[in-house]
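Asks: What follows is the residue order along each chain.
There are 2 protein chains.
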Amino acid sequence: MANSNPILVDGQWVQERAGCDTFTAINPRTREPLPEVFPISDENTVNKLLAAAAAAAPALREVSPEHIATFLEACASNIEAKADDLVRWANLETGLPTEPRLRNVELPRTTTQLRLAAKAVRARSFCDPIIDTKANLRTMSGPLGAPVVVFGPNNFPFAFNAVMGGDFASAIAAGNPVIAKVHPGHPKTSQLLAECAWAAVQSSGLPRATFQMVYELPKEAGFALVTAHQVAGYAFTGSRRAGLPPKPAADGAGKLSYLELSSINPIFVLPGVIAERGNEMAAELFGSCAMGAGQFCTSPGVCIVIHSPQTQAWIEELKKQFAASQPGTLLSASAPNNLASSVSVLQQSGASVLVGGKPKTDGPYAFENTLLQVSGDQFLKQPNALQTEAFGTVHLVVVAWSFGQLLAIAGALEGNLTACVYTAKSGADDANYTALEKVLRYKVGRLLNDKMPTGVAVSDAMQHGGPFPSTGHPGFTAVGMPSSIRRFVARHCYDAVRPNRLPPELADDNPLGIWRNVDGEWTRAAIGG
Amino acid sequence: MANSNPILVDGQWVQERAGCDTFTAINPRTREPLPEVFPISDENTVNKLLAAAAAAAPALREVSPEHIATFLEACASNIEAKADDLVRWANLETGLPTEPRLRNVELPRTTTQLRLAAKAVRARSFCDPIIDTKANLRTMSGPLGAPVVVFGPNNFPFAFNAVMGGDFASAIAAGNPVIAKVHPGHPKTSQLLAECAWAAVQSSGLPRATFQMVYELPKEAGFALVTAHQVAGYAFTGSRRAGLPPKPAADGAGKLSYLELSSINPIFVLPGVIAERGNEMAAELFGSCAMGAGQFCTSPGVCIVIHSPQTQAWIEELKKQFAASQPGTLLSASAPNNLASSVSVLQQSGASVLVGGKPKTDGPYAFENTLLQVSGDQFLKQPNALQTEAFGTVHLVVVAWSFGQLLAIAGALEGNLTACVYTAKSGADDANYTALEKVLRYKVGRLLNDKMPTGVAVSDAMQHGGPFPSTGHPGFTAVGMPSSIRRFVARHCYDAVRPNRLPPELADDNPLGIWRNVDGEWTRAAIGG
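Here the protein sequences come in this chain order: A and B. Per our numbering: the first sequence ends with 1877, consecutive numbering throughout. Per our numbering: the second sequence ends with 1877, consecutive numbering throughout.
If we strip away everything but chain A, and leave its shape as in the complex, we get:
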């Protein structure tokens, strides 16, 4: 039997114990297993990871911001140097297109994110210093002081990878070691990223367990990891089914949990748009639904329209769009099965299939582009089942009888990452927009106008988050620097601490020249200067 690929524990690439369970990744385009073998780790390894990460935490706290920034930048450069290999393996393991997706979009997004994290570390912009000169109280955000566990999803092998992705960059930027449990769908890609990151740890002289990596864990070992006394918390991106079960145990043990779970990203199409630019909008909607074969957290799963002859014609146009093109390759064998199951739930809850509805039985893993329809009456009878996420190019059109019913549907929505409202440029829908916004605003993190939700800019003003169950806390974002770093900090207050003992971020003379809130005003000036 061939040796399985090594895991990274405490700065060593080590073989899992002989006889451990193993797995291989599958090429989604051929349905054939790829040649490399990867180990499934166990609680014994979990204990080693925890011990090493706990030892690295105090060492990492003492590392200067400049040093951490250098590490993050080295990570980005090392990824660029290995781009060909990374893109080739990610394509083999995920079926995502090499170009433009992997090479020209996701890889640069990942390196940009790392470099923005480095910039935030230098600017200390996530530290949010608040100084009360009269009370001599000074507070800033600093490291949690303990390891963070990161679980990566299947759909972004680079940008959300538990190694080198946004959570990894955020947690380390804040000064915490990371224990990465990558997604088993793309283990070789993850291993290559871990090699890049490990080279950066070495070249920048960071503690050797600044990050560690395993490919797969049984459920119990994952629970043990996120509830361990050594860890401060965890970040999880993926399905509700996988992400929610450990949360109560982890929360009860006092661990922070940041979950980015499912979202159906409703699109409200008001009548004026259908009259004004219905076909154009239908094409835009289909384009967003089909992007990445519908496997984005921000992929639109449902649109809400108001019944009329024009709306009926618009739905016909949308049908044409869904029927006209072949579906993209899905990430795994389970993807078409999950889609079939979701479509079945939608049908059993009263939705009718207008286009598609079936998995492809040969060629790449795929599921027909699928459009369903349901009445507003029916949606309001079974709102939960009809919000079942279908992670692919599957879209449900909800036809309300009236604007009043459309509002009721908005009110019945679960928490989502995004919602979009399309209204006429003429202003014909403006009064209705106002009424809808009052409901929708509290259902989602990001509200869009006349724009599709796919495409999440890496900006500090981005909110890639939302009310439960789209995430576990509506006050935080998983994308955008420095905002996403704010998930992994503690507030550190200095009360009457002697001036020579203050960290530079809080010293009177503001030696770093950073933005600080002093007595209620934001300033870069020194105090008393």
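Be careful, since some hints might not be right.
For identical chains, the list gives no copy identity; a pair is met inside one copy or between any two copies.
[To be verified] List of simulated lysine-lysine pairs, BS3-like, C-alpha gap at most 30 Å:
(1) Lys1667 to Lys1706
(2) Lys1786 to Lys1482
(3) Lys1396 to Lys1729
(4) Lys1786 to Lys1467
(5) Lys1799 to Lys1482
(6) Lys1567 to Lys1396
(7) Lys1729 to Lys1668
(8) Lys1773 to Lys1482
(9) Lys1708 to Lys1668
Read the hints as simulated data drawn from the structure, not as lab findings.
Assemble chain B onto chain A, guided by the hints.
Replies: Here is chain B on its own, set in the frame of chain A:
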């Protein structure tokens, strides 16, 4: 049988159902029941509270900031108008001294807090707007959009009351309705506060279920309240025993939980202080331990010193301080029992009682001022048991053999709200301070130098929070405006939203003149202006 006092449900002072369980408060100074009778509410009432609060939430979201600020200020004025009654009843129900404590310290603290919340609402200072002009992304904090449940503690009948206290002010300032479960130790005080708040709701025309109030709930009804689909989350201040059990269920249901639990607030006394100003420092320490009869969340429960003949003499001096004065009145009958139980745990874990150790059997509820001692060796053998909180004037001196052992003790501490380090003014302890700070910083929210932790300034730079188990999330504070309001908000992102539809906080011309982060810089300027 006399009617019990009414609860406040959906803007009505109503009697609980006939035959409901009731309770009376006890005067801690006489051990006699007070005459008024209060109802214990049940799940039927919980359902009414939830329905009314859920209906109030969208209405409250539409209320202008000016209007909410007016309400908070009316609350403060109404408290001042009823100050005599409030102080009289709080004294009867809690035994806390009328003056200065209740009338001159806690009552003004409460009104100041409400007025600072009003100021924050007008300045929108908790909204933290972030604008990326290139990407046309704009994000700010807004209401959670659903009710918040607040549980008040026994030790601050005004300032932390579930009606009118910091959590109440914060949650409403953010725009969320409050369901208040007050502490049953001071029901009449709470009722009077609720009358003040209800008058403010009426005079300022807020939705009638902006806040509601019950006195007591059985455990199951409390669980039902914090896990209900209608609520966004809850805030709890009190003991770990009462506060932790609902957390996993609430978290699993996606509810935010902000817990402020126990803390033993370690005091590190380095050798130079004992040499330089030992007696003075001992008096300061005893004063802090005895303040409020030791019933503060920031009361020092443990000090750590290094063995020496001078240290032995210092402990003798501390013994004198503890022995010289009579203990203060405790809040309830359970307080001396709990203290006896905690002292017993400490003794069973190897600590010896130097002074006191027993409850007072007559007169006001009280427990002898109690000083215990344990060796550093023994502390490190049973660190958890020896960190048992004793909520009263009970203090444990841990005598380390060396500075190295003192560091190990710091490393074995649980998360705390505060830690204090006393060092010589001469600079003799400075090298040791540096080593100690590296460990201690990550154990606590607020780090103090040469100052006792009791006395929590209501400042935006305050951090009244800390790592688990002192609180449930180290990134938030329960005291200080606008910071404490940040617990009860969601981030609301506007992506390509038409300019005329943006809230004023995010509009280009910055009509409110508020601080905003625009393209990475803090400014009050208009965009493009």
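Asks: Compare the structure with each hint and give your call.
Replies: Going down the list of hints, with the structure as the test:
no. : hint               : result
1   : Lys1667 to Lys1706 : within (15 Å within a copy, 80 Å between copies)
2   : Lys1786 to Lys1482 : between (41 Å within a copy, 26 Å between copies)
3   : Lys1396 to Lys1729 : between (51 Å within a copy, 24 Å between copies)
4   : Lys1786 to Lys1467 : between (37 Å within a copy, 25 Å between copies)
5   : Lys1799 to Lys1482 : between (48 Å within a copy, 16 Å between copies)
6   : Lys1567 to Lys1396 : within (17 Å within a copy, 40 Å between copies)
7   : Lys1729 to Lys1668 : within (29 Å within a copy, 73 Å between copies)
8   : Lys1773 to Lys1482 : between (53 Å within a copy, 22 Å between copies)
9   : Lys1708 to Lys1668 : within (19 Å within a copy, 84 Å between copies)
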